[in-house]
Structures are given as structure tokens and as C-alpha cells.
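Undergrad: Going line by line, the protein sequences match chains S and U.
For the first sequence, the working numbering assigns the number 567 to the initial residue and increments by one for each residue that follows.
For the second sequence, the working numbering assigns the number 53 to the initial residue and increments by one for each residue that follows.
Hints may be right or wrong, so weigh each one.
Selected chain S positions facing chain U (in silico; Cβ < 7 angstroms) [what the hints assert, rightly or not]:
1. Tyr598
2. Phe600
3. Leu612
4. Asn664
5. Pro666
6. Gly672
Rather than coming from a laboratory, the hints here were simulated on the basis of the structure.
Note that CB positions come from ideal geometry on N, CA and C, so glycine has one too.
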Amino acid sequence: AQSVTQPDIHITVSEGASLELRCNYSYGATPYLFWYVQSPGQGLQLLLKYFSGDTLVQGIKGFEAEFKRSQSSFNLRKPSVHWSDAAEYFCAVGARGNTPLVFGKGTRLSVIA
Amino acid sequence: SQTIHQWPATLVQPVGSPLSLECTVEGTSNPNLYWYRQAAGRGLQLLFYSVGIGQISSEVPQNLSASRPQDRQFILSSKKLLLSDSGFYLCAWRGPATGELFFGEGSRLTVL
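Model the full assembly from the supplied sequences, consistent with the hints where possible.
TA: Structure representation (C-alpha cells):
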């Protein structure tokens, strides 16, 4: 069965520090992988996605993620965090077609001065 | 470009009352549509999805139902709300080429 694990429920980083949010997945075939961000009371916005090809993908707002098949991971990174990055981040896995995406439980990011 | 709308944005309902949340998509045809529920600390739970008019797949047995009366309209309903139905409900449609989900702004339901 498909599943996504985000091991960190809550992470606090200082503004300007680097960030890495972890995501591990379980999937029977080559997955489509996604990272979404959600500000309080809002819907989810797509940060980046991976289907095939280069395993390092660039997204919006300066985020990037690296697909590592051997580790079944798709970690999200940002070299320098801004206060506006405080939000909840969701990793998701799926396949092309009609099957729904499966989401992790999310990681809440707090940014301190 | 495609847009997705949900309403109402906020709803406070007594236990046992009915529910209707609506979602419409513009700028695309025959979209795959999804209802998710988000409860605190539990991530996103898929409730229903639809690949076409009148075609509904239910993921979680509960007192909620969904309907798709038109190609770009998806409705979430209940005849009698429970306290446990409180949460943040998100509608989404799926892009055909790359498979990502595009979400609406959500509907916050509080059942008292």
C-alpha cells in the first residue's frame, strides 16, 4: 500500500538558517512525488513535483527537493529560511491517472528571529 | 487558466443538522475531483473522488456523501452532522498532464 511518512511533526529554525524537511514513501512503482505548503486557514499550494529525470528538482519560493530511490526519500530543502516560510508542509505520493494522492501528516515549520 | 472555488468558507452548524459544501472548477473540462478533510494533527484524509458526472468513489465509510451533478461541480453533503465532522474540508482537482492536485481555499466546519 502507498504511504508517506514525515517523521518531524514540528521544526523550529532561525531566520536565515538552512532547512531540511524529511519525507519517506512506500510505493510499488516509480512514484510521482510532491511537496505542498499550507498557510493557516488556507488551501494547499504546490511547491514542487518530481516525475522522472533529474533527481534534484527546483520549486517556487527558493525550495528544492531531491529524490533518492535507494532511500525512498524526497526531502525538501531551502538554504536560507525567511520568516514568511512559517507554515505547514505536506509531502505526497501518487501515480499518473485517476488514483488519488496519498499525503503525509505534515510538518509544521516555525521560524524565529 | 483554471480556478477552483469552494463555499462557504466558514460554517457553524448544530449536531444533527444537514450540510452542503460546494466546489466548482473553471477553465477545464472533465476534471478528476476530490474531497479531503483535514483534522488537527492528522494530515489530509481523502473522503471522496470523482472521475466524471455521477461517478463517486468513497474512501471512508461515514455519514457524509458526495455528488457530482455537473462536470465541474462537486458537492459534499450530510443529512445529520456529528461532532466528529468538524474540520477543514478541501476540494481539489487533478491536472491531467502531470498529476498534481490544485486545491481550493477550504471550508472550515464547526459542529457544536
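Undergrad: Could you run down the list of hints and mark each one as holding or not?
TA: Going down the list of hints, with the structure as the test:
Checking S:Tyr598 against chain U by beta carbon gives a least distance of about 5 angstroms; that is within 7 angstroms, so the hint holds. Interface restraint check: S:Phe600 against chain U, minimum CB-CB distance 6 angstroms, threshold 7 angstroms, status holds. This hint holds: S:Leu612 has a C-beta 5 angstroms from the nearest C-beta of chain U, less than the 7 angstroms allowed. Using the Cβ-Cβ criterion of 7 angstroms, the hint placing S:Asn664 at the interface with chain U is satisfied: the shortest such distance is roughly 5 angstroms.
Of the supplied interface hints, the one on S:Pro666 holds, with its beta-carbon coming within about 5 angstroms of a beta-carbon of chain U, less than 7 angstroms. Hint on S:Gly672 holds. Least Cβ distance to chain U is approximately 5 angstroms, under the 7 angstroms limit.
Violated hints are absent here; each numbered hint is respected by the structure.
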